[in-house]
Structures are given as C-alpha cells and as structure tokens.
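> Okay, here's what each chain looks like letter by letter:
2 protein chains.
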Amino acid sequence: MFSFTLEHQEAHSGARLGLIRTAHGEIRTPVFMPVGTQGTVKALTPEDLVSLEVQVILANTYHLYLRPGHDRIRRLGGLHRFMHWDRPILTDSGGYQVFSLGALRKITPAGVSFQSHLDGSRHFLTPELALEIQTALGSDMAMCLDECPPYPATYEYVRSSLELTRQWAERCRQARGENGPALFGIVQGGVFPDLRRAGAEALMEIGFDGYALGGLSVGEPPAERLETITRSLPLLPADRPRYLMGLGTPEDLVEGVEQGADMFDCVLPTRNARNGMLFTRQGAVIIKNAAYAEDPGPIDPECGCYTCRHYSRAYLRHLYLAKELLSYRLHTWHNLYYFMELMQEIRQAVVHDRFREFKIAFYRKRKESS
Amino acid sequence: MFSFTLEHQEAHSGARLGLIRTAHGEIRTPVFMPVGTQGTVKALTPEDLVSLEVQVILANTYHLYLRPGHDRIRRLGGLHRFMHWDRPILTDSGGYQVFSLGALRKITPAGVSFQSHLDGSRHFLTPELALEIQTALGSDMAMCLDECPPYPATYEYVRSSLELTRQWAERCRQARGENGPALFGIVQGGVFPDLRRAGAEALMEIGFDGYALGGLSVGEPPAERLETITRSLPLLPADRPRYLMGLGTPEDLVEGVEQGADMFDCVLPTRNARNGMLFTRQGAVIIKNAAYAEDPGPIDPECGCYTCRHYSRAYLRHLYLAKELLSYRLHTWHNLYYFMELMQEIRQAVVHDRFREFKIAFYRKRKESS
Numbered sequence: 002m003f004s005f006t007l008e009h010q011e012a013h014s015g016a017r018l019g020l021i022r023t024a025h026g027e028i029r030t031p032v033f034m035p036v037g038t039q040g041t042v043k044a045l046t047p048e049d050l051v052s053l054e055v056q057v058i059l060a061n062t063y064h065l066y067l068r069p070g071h072d073r074i075r076r077l078g079g080l081h082r083f084m085h086w087d088r089p090i091l092t093d094s095g096g097y098q099v100f101s102l103g104a105l106r107k108i109t110p111a112g113v114s115f116q117s118h119l120d121g122s123r124h125f126l127t128p129e130l131a132l133e134i135q136t137a138l139g140s141d142m143a144m145c146l147d148e149c150p151p152y153p154a155t156y157e158y159v160r161s162s163l164e165l166t167r168q169w170a171e172r173c174r175q176a177r178g179e180n181g182p183a184l185f186g187i188v189q190g191g192v193f194p195d196l197r198r199a200g201a202e203a204l205m206e207i208g209f210d211g212y213a214l215g216g217l218s219v220g221e222p223p224a225e226r227l228e229t230i231t232r233s234l235p236l237l238p239a240d241r242p243r244y245l246m247g248l249g250t251p252e253d254l255v256e257g258v259e260q261g262a263d264m265f266d267c268v269l270p271t272r273n274a275r276n277g278m279l280f281t282r283q284g285a286v287i288i289k290n291a292a293y294a295e296d297p298g299p300i301d302p303e304c305g306c307y308t309c310r311h312y313s314r315a316y317l318r319h320l321y322l323a324k325e326l327l328s329y330r331l332h333t334w335h336n337l338y339y340f341m342e343l344m345q346e347i348r349q350a351v352v353h354d355r356f357r358e359f360k361i362a363f364y365r366k367r368k369e370s371s
Numbered sequence: 002m003f004s005f006t007l008e009h010q011e012a013h014s015g016a017r018l019g020l021i022r023t024a025h026g027e028i029r030t031p032v033f034m035p036v037g038t039q040g041t042v043k044a045l046t047p048e049d050l051v052s053l054e055v056q057v058i059l060a061n062t063y064h065l066y067l068r069p070g071h072d073r074i075r076r077l078g079g080l081h082r083f084m085h086w087d088r089p090i091l092t093d094s095g096g097y098q099v100f101s102l103g104a105l106r107k108i109t110p111a112g113v114s115f116q117s118h119l120d121g122s123r124h125f126l127t128p129e130l131a132l133e134i135q136t137a138l139g140s141d142m143a144m145c146l147d148e149c150p151p152y153p154a155t156y157e158y159v160r161s162s163l164e165l166t167r168q169w170a171e172r173c174r175q176a177r178g179e180n181g182p183a184l185f186g187i188v189q190g191g192v193f194p195d196l197r198r199a200g201a202e203a204l205m206e207i208g209f210d211g212y213a214l215g216g217l218s219v220g221e222p223p224a225e226r227l228e229t230i231t232r233s234l235p236l237l238p239a240d241r242p243r244y245l246m247g248l249g250t251p252e253d254l255v256e257g258v259e260q261g262a263d264m265f266d267c268v269l270p271t272r273n274a275r276n277g278m279l280f281t282r283q284g285a286v287i288i289k290n291a292a293y294a295e296d297p298g299p300i301d302p303e304c305g306c307y308t309c310r311h312y313s314r315a316y317l318r319h320l321y322l323a324k325e326l327l328s329y330r331l332h333t334w335h336n337l338y339y340f341m342e343l344m345q346e347i348r349q350a351v352v353h354d355r356f357r358e359f360k361i362a363f364y365r366k367r368k369e370s371s
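Residue numbers (my numbering), protein chains in the order written: chain A, 2 to 371; chain B, 2 to 371.
FYI, nobody ran anything at the bench for these hints, they're computed from the structure. Errors might be hidden in some of the hints.
Because identical chains cannot be distinguished in the list, a pair is counted as satisfied if it fits within a single copy or across any two copies.
Unchecked claim - Lysine-lysine pairs mimicking BS3-like chemistry, simulated, CA-CA at most 25 Å apart:
no., residue 1, residue 2
1, 107, 43
2, 368, 289
3, 366, 289
4, 43, 366
A quick note: this is a predicted structure, and the numbers were derived from the prediction, not measured.
Use the sequences and the hints to build the structure in full.
Rendered as structure tokens:
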C-alpha cells in the first residue's frame, strides 16, 4: 500500500505539500528522514523519535545485509519489529555504501562485487538482490540500485554509467513484482543537464512510485549542485514524491523545498551531534569551545527541546570532553529537534503560500548573527 | 539537613529498614546507589533514573575535581543543578580513585600527592580539600578521606594506615563545620578483626552522621570479605546509616542486608551493562553469545523493564556487536531496573519479617537455572 497526494502547490515557488500513505502510516511532506544506519538512529530510542515527531527513517541496506543479515531480520519479523519502530521506513539500495565503504569494488553489467568493510568477505550485489534485501527488511519505500559516478567524471563516463543505472532500474522494477515495497527510481547524470534529462525520462518511461535525485554532494561545487537541482527537479512528475538524496544542511533543505523536493535524508544532524556541532537558528555551536566552559545558558535560547530546557552549555561541554555517552544522546536530540522544527516551519509557511518570506527570514537571522 | 530513622529491625537477622532525610528528599533503605562518576550515570538521563525509582546516586569527587573542577561546578550552582538531578547525591572522598587511578602517589600525614590520569598535572589531596570539594559540589552526604590499604597487607601496615585514617577523619570532621554536608566516617582495618573494631570505635568517638565499611573487594578472598562484614557491621551504631562501600553483586547486596547494611554503591550494573553482561533472576546473560543471534525473546522473560518489553535478545546482540550507542543505554536500563527491583523486593521482605525466606528463594532460583 502506497500513495502520494499532492495537497498544495505554491504559485510563486516550487514549494509544495504532499501526503504519502504507507502501510505503516502517513508522512506529511516536505519531510526530513533521520538515518538509522544499522537498525537504530544512533543514541535514540523509537519513543524518542516519536517525541521528536519523526515521521519516517532511512535504514541502510548495505549495513543490514552484512550484519545481522536480511534473512535473519526477515525471520525475526522484519526490520520494524526488530528495531521496535512502527512508522514508515525507507531503505536505500546499498549501492552508495558499496561505493563508499566496500573495498575491491568491480562493476559489471550484472552487478557490483565488493569486499565487506567488516570482515573482508566477498559479495555480489545485483539489482535483484538489492530488491530482495529491501523486501526482506519489510521496507515501505525501496530504492533502485544505481551507480553513483564520482566528481569530477568525464561526460563519456557519466553517460555510460547512466545507461547502466537505467538497465538496473528496469531490472529492479521487474524484481519488485506486484507485492513488493513502493519503489523509487534514482536520476543520475552528474552535473550534465542533458544527461540528467535523459536519466529522468528513461525512469519515467519505466514508471516508479517516486523519483529521487542521486549523485549529489559527491564533491561538486555548491553552485553546480544547486544548478543541477534547480534544473532537474522540475523534470520529475508532479504527482509523485521527489526525493533529494543525501542532502541535509538546513540551507540544502530550504533550497530543495523551493525547487519542489518532498523528501530529504542526511547523516548531518546525527553525525554532527556526536562530533559536538550543534545547529541553531543563529548558526552552529561548537560545544567544545572554551568560551562555553562556564556558560550557564542553553545551546539555543530560542530552542524548546529537552536538552535546551534542562542543560547548560557548560554541562554539555563537560560531557563532550569527558566522552560521556549522554553527550551523544543530548546532542542528537537537540539537532534532530532543530531539523524537525525547521521542516514543520517550512510546511507551515507553504500552507500559507509564504515560503519566500520564510526563506528571507531564515537567511536574515543567520546573517545577523554571523 | 540530615536525619536517619530506623523504622524496623528484623528479630532473626540483621536486616533493617530505615529512612534517610536530606535537603534533596528522602531515601528508603536498604538502598542501592548507582554510580554517576563524572556527573552522569552513563547513558541515562535523570528522568530515566527517576523512572527507574533511583533514590540517590553517587558522584566521584576525584573525577569532578579534575574535570570540570569543583569551583566551576559551585559557580554554576552546584552538582544537582549542573547535572539536572534534584534527588540526593552522595560523594566519595576522592581517596579511592587517587589510589586506583592517580599516578606517582605519595602519602604523608598531611595528605596524598598524585598526578592526574587526565593530563599528568600534580595535585595534593588533604582531608580539608576533600571536604571543600564535596561541599562545593553541594553533596548531601560526604565521605571522609581515608587510606584504603591493599590486599594482602601486613598487620603493621594496616594498623598504621588505620591511625592515619583516624587522624584524617578527625580533620574532616573539623573541616565540615556546622553547615557542611552530612559526613560519614569510613571504617578501615583490612581483614583484621581487632583493627576493624578499633577503627569503628575511633570513628564513633569522633561522631559522624553515618558510618561506612571501606577497603573491601580489594582482592581479599570472598570468605574473608564476608567474615569481615559479618563481624564489623554490628559494631556500628544502630541509629546511624551503615554504608557498605563499593560492593554490588546481587549476592553482596543480599548478604550485606542480612548483616545490617543500609547503603550500597557499585559500578557493576552499569559497567557490566556496557560490556554486554546482563543480570537476570536466573543468572547472567552474555548478550554477545551466538546462541542469541536469532532469539526473539527478551533478556529475561520475567522482567518488566522497558528493554525487556520491547527488544529481543537478537536485536540487543546486534546492537552490541555493532557497538551502537543504543546498546549501552538499553543494557544499562535493564541492569539498573534489576538492581532497583531487587532492593524493592528486599525492603518488602523485611517489612514482613521475611528476609530469610526471601534469601532462600533468591539462591534457589539461581541454583535451579545454573
């Protein structure tokens, strides 16, 4: 069970509101999906995520395939039950991690062979296996296996990679069958506008439940990234969810929504939390700074999160320097609260056709305090 | 403000019920105090501790003195405020950690000089400084600085160490003054019955709000430890809380209560949790065992804790092997729940003069399953 309803489209920007329905509940878009790589959003419980109004999380196929194994998770009742999370889960295809974490990768038309980063064991990931894993996990939204070309890459390389991605998408569509998870195609094409267009058209011809822009934030200059997003998002069908993969600075979210993106995921809020980098409306707080050693104030005086209501910067700095486990939890809570609230404010702005005003205020606040 | 009321004494065992009153609330004894070394019980929030019905925690003077510093904590409003915990706190004197963690220790009658385990800086801990630090932290119950002799140690060594501990106790009592925290004396004396007796009598002559047995679990054989506890606890005044320091297997708690101990602290439940060793009524569960790889059951089918209600052994094993932060939190929750419930059951048994029956059932259950 899967559907997408476009509920509102702003007249003067690409920003829009949508409703995704899945067997595990509804998702109001635009939405940010925290990353739960190994069947847990690091340091938080599912109850914490519900308190934070997280609507959907992303789980990583590559990690769960290697450990504890998708067959094991299937036998234990699927990933939702395994990790005690009953809201929607989107799974990636595993491809991106094979390219970024696996060793001795070798790509052939049949699939990609690689060595596990955990134990060096050899594996062969095909489009069909990617679907099999995601189905075994009980994913609500699965992604097609794709090849994500590096940056920079030649036009020739990206063009032939795009053809491989198209063939794999077709095989994933086949492999999904009638009772599998909702399936998203991934538009590649690097920073070449005509390849992005060709990629989008090829996927639309196959037909998917949703469409993603992939291969961004792989080293390309920010201006080329924004240019690619701005040109590519409008190519995707308006009546399907559009997912901007792996992008997640607050600015990325604001710019992406403006161009019509509905879904985002990124490790940034959770990973930066663990590294002591905290998001606020005024910009980043680096908690280890000596200036905070006796600061009795919260991370962000304007924030209403659990961490900001109860803990001083001085205490958080102490926990961070002492490498205390509570540090990761309190920081992750704060950063996800910031991201969830940002998306809530964005949705509110779009309801009232005031996204442009929202965006101006968003940037003004940062400028004032920098 | 501090008082102790002995509310019930069993006729046929040393087990007793008491009520400690502090400025931060009441404590029903016998009580187990989780250890919050650096101003946090590792992986848990104060709200978690309240959910677990933790009545009082122990904080380590040595650690907080070195980082972030007691003066800093005092300027930030004291340890309760710093760490967002409004129930009672007992602080140790710092002596034990100086001996176990500090380097280049040198003991003189004036105090003990040592090098920080963090940065090698040199420090000199005196009885007066130990009280000053604990007072700055805002401790509800402070401990006298003592010397904890190693095991084995000669009678002569322990005897002269005991005299030093007596002198330091006198200076701590002086340094406390009229408005300081409640102060506990620590009975040393190794495994020598006459020295334990002399130590207890010397402290009672000075007069303290509570009395602790120290210097146990430092390498002595379990039989000698139990013998020392059994002989020494009855020497302490019945109208003051009796604190059995640093002991904390479930068996230690049961045996200690039987001999009349009111207070316990130990890193065991929290440290073992982080190492994947989980307490159950039937004995220990070592979560990494391959046998649990697809086990859909909880750690302990008889346990009602959050972790056991929602997570399988298979999932907990996965989190543990993947070194996921949530692992430490879920395990710590379970182990502290077990310890808190054990103490609750002990108090219930003593109310009904049924401690002996409780103890028999406690050991029978373990025997049956081993």
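> It remains to establish, for every hint, whether it holds in the given structure.
For each hint, the structure was consulted:
no., hint, verdict
1, 107 x 43, "neither (31 Å within a copy, 44 Å between copies)"
2, 368 x 289, "within (23 Å within a copy, 50 Å between copies)"
3, 366 x 289, "within (24 Å within a copy, 49 Å between copies)"
4, 43 x 366, "neither (30 Å within a copy, 36 Å between copies)"
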